[in-house]
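Residue-level listing of the chains:
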Amino acid sequence: MTNAKGRIAGYLFVLPALLYMIFFVGYPIIDNIRLSLFDVNVMNLTKGHQSFVGLDNYIELFKEGTLQKVLKNTLIFTISCLVLQFIIGLAFAMLFNLQFRTAQRLRGLVMISWLLPATITAMMFKFMFSSGGIINDLLLKLHLISSPIEWLVNSGTAMFTIILANTWIGIPFNMMLLTAGLTTIPKDVYESAAIDGATAVKRFFKITLPLLKPAIMSLLVLGFIYTFKVFDLVLIITNGGPVNATQMMSTYAYKLSFDQFQYSQGAAISNVMFVLLLIIGVIYLRLLKKEEQL
Amino acid sequence: MRTMFKQSRWLLPLVSIIIVVIFLFPLYWLVVTSFKTEAEIFRSPQTWFPQVWQFKSYTEQLTGSSFDIVNGFRNSLAIAVGALLVSTLLAIPAAYGVARFRFPGRHSFILIFLVTQMLPASLLLTPLFILFKQIGLIGASYWSTILANATAGIPFSVIILRTYFATLPKELEESAKIDGCNTFTTFTRIMLPIAVPGVVVAMVFSFLFAWGDLIYGMTFIGNEELRPITAGIYNFLGFQSTSWNNTMAFGTVSMLPVALLFIFVQRYIVSGLTNGAVKG
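Here the protein sequences line up with chains H and S, keeping their order. Just so we're aligned: the first sequence equals residues 782 to 1075 in our numbering. Just so we're aligned: the second sequence equals residues 16 to 295 in our numbering.
Just so you know, the hints here were simulated from the structure itself, not pulled from any lab data. Don't take each hint at face value.
[As the list claims (entries may be wrong)] Derived pair list, reagent style EDC-like, types lysine to aspartate or glutamate, alpha-carbon separation capped at 16 Å:
no. : chain 1 : residue 1 : chain 2 : residue 2
1   : S       : Lys-71    : S       : Glu-55
2   : S       : Lys-148   : H       : Asp-812
3   : H       : Lys-786   : S       : Glu-188
4   : H       : Lys-987   : H       : Asp-969
Keep in mind the model is a prediction, meaning the values are calculated, not measured.
Sequences and hints are given; from them, build the entire structure.
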C-alpha cells in the first residue's frame, strides 16, 4: 500500500511501540549523557542543584585507571567466551547435523542452557566451583590436583570460572546459528569433493568454513554484543572480585551508581559501553545490508 | 570418519548422549542438591545421588518468611506476564506496520528496533530509576520492572514478527478488502490469526527475558516481598554462609516454567532464535 491512507495506517500501527521506545529507551539514553556531564550523587538525584562538570567524570575514571581496567577485563572476557563458544558450538552443530536417530532431540536439549535465567546458571557455577564443590572433588579424585583450588578467590581462576559459565550459556546460540548455516550448504558439494579425494579435514577447511562465513560473521558480532554487556552472571559469581579482577563495565557501572551512589560516574562508564556497542552495532547492520536481508 | 560411524549405528547416538549428559550435568546437580541434607552437600567424596532425601528446603520455605518460594514465584510470574502483555500488545501492530505498509521513515524505525535490542540494561538503569522515582513507581509495585523489561521484549518481538508478516501473501489483504474488511479488520481478522506461530515465539521470548531479569527487579522494587525469585537468590548468595539446598530449591522452582515452555514450544523457539538473530 503506497497511497496516503496506507501511509497513515502504517504510522498508526507503529506509533504506540515507537512512542514507548522513545520514552523508556530514547529518553534514558539522553538522560544518561546529561548525568555523566553533571555531578549527581545520592543527595541531589531527584531534587536540588546539580553542578555541571563537563568531562570531569570521564577524566577522573581514566586517571584512576579503572576505566581501562574494566574495559580490559570485559574485552578479555568477551573474546575468550566468543572463541570457546564458537569452537564448541561448531562442534555441536556438526555433530548433530550428522544423520542419526536422536540428533534432533539432543540438539533441542542443549538449548536449555541458553533459555535459563542467568541467575540460575551463575548460582550453579558458583556452587560447583566453590572450594568444597564438585569440580575440586573430581579433580582431587583424578589426582590432577593435590589440594582444593580456591577458584573464586584467585583472580586468574575467577576469570576462568565466569568465562566457563558464560560459554555454557552461549554454546546453544552458536550451535543454532551454525546449524542454520550448515543446512544451506548443498550435500553434493561434499560428495563431489569426496570423489575428488579430499580428506575430511580438507573438506572442513575448504568447504564448510568458507561457506559458513556469513553465519559466522553475524554470530560473532551478535555474540560480541550479547557477551560484552554481561551483568547478572558476574554479579553473582564473583561480584567483580577478587579486588576488581573480574569487574566488568556493566557491573562496575552498577557498583558506582547503586553501591557508591556516584550516579554520574556510573553513567560515564555506561556511555563508554554504549559507544562501543554502537560501533559494533553499525558493523552488524552493514553485514545485514550486505546480505540484503534488511 | 563418516563411514566409521555408519558401520556401528549405535556408536554415534551413544557418544552424543554422553556429551549432552555431561553438558547438562549442572542442571541435574542443581535439582539433586536441593534434595540433599546440609551435611551431605559438602561431604567428601561427593554423593551423586542423595543418600537421604529431604524435602525441607521446599516445605519450610513454602510460606512464612518474608520471602518464600510461593511469594517469589508469584512475583516473577506477575512481572513476566505483565512484560509479555505490554510487549506483544505494542509489538504486534508495530511489526505489522513496518512489514506491510510503505511509508517514509520505515527503515529508520526498523533500525531503531534493531539497535535498541542491543542495549545493555545497565545503560537504562539509572535514568529509569530517576524517572520511576519521580512518577512514584519505585517501591511497592511491579510496574517499574514490567515497563523496564518490556524495553527488551518489544524490539525483539517486532523483529521476529516483521519477518512473519512480511512472508504472508499480498492476495490475502486484497481479498479481505473485497470482502469488506477495512485496514484494521484485515489485520485483526485475517492477518493476525495466520501469524499465530510468530506471535507465540514473540510471547515466549518476552516472557523469558522478564522471567530471567535480575537487575531491574532488584533495583526498582524496594519492597523485598515483591521482588522476583532471581533477586531472592541473589540475596541468599550474599549471606556469609549460603544455605545451598535452600537456594537450590529456589533455583529448581525458577527453572520449572522454562522447562515447561521448552517442552511445549521448543520447535517455535528454535525457529524464533534463528529468525530473530540471523535475519534480523
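Against the structure, the hints:
{"no.": "1", "hint": "S:Lys-71 - S:Glu-55", "in the structure": "holds (14 Å)"}
{"no.": "2", "hint": "S:Lys-148 - H:Asp-812", "in the structure": "holds (14 Å)"}
{"no.": "3", "hint": "H:Lys-786 - S:Glu-188", "in the structure": "holds (15 Å)"}
{"no.": "4", "hint": "H:Lys-987 - H:Asp-969", "in the structure": "holds (14 Å)"}
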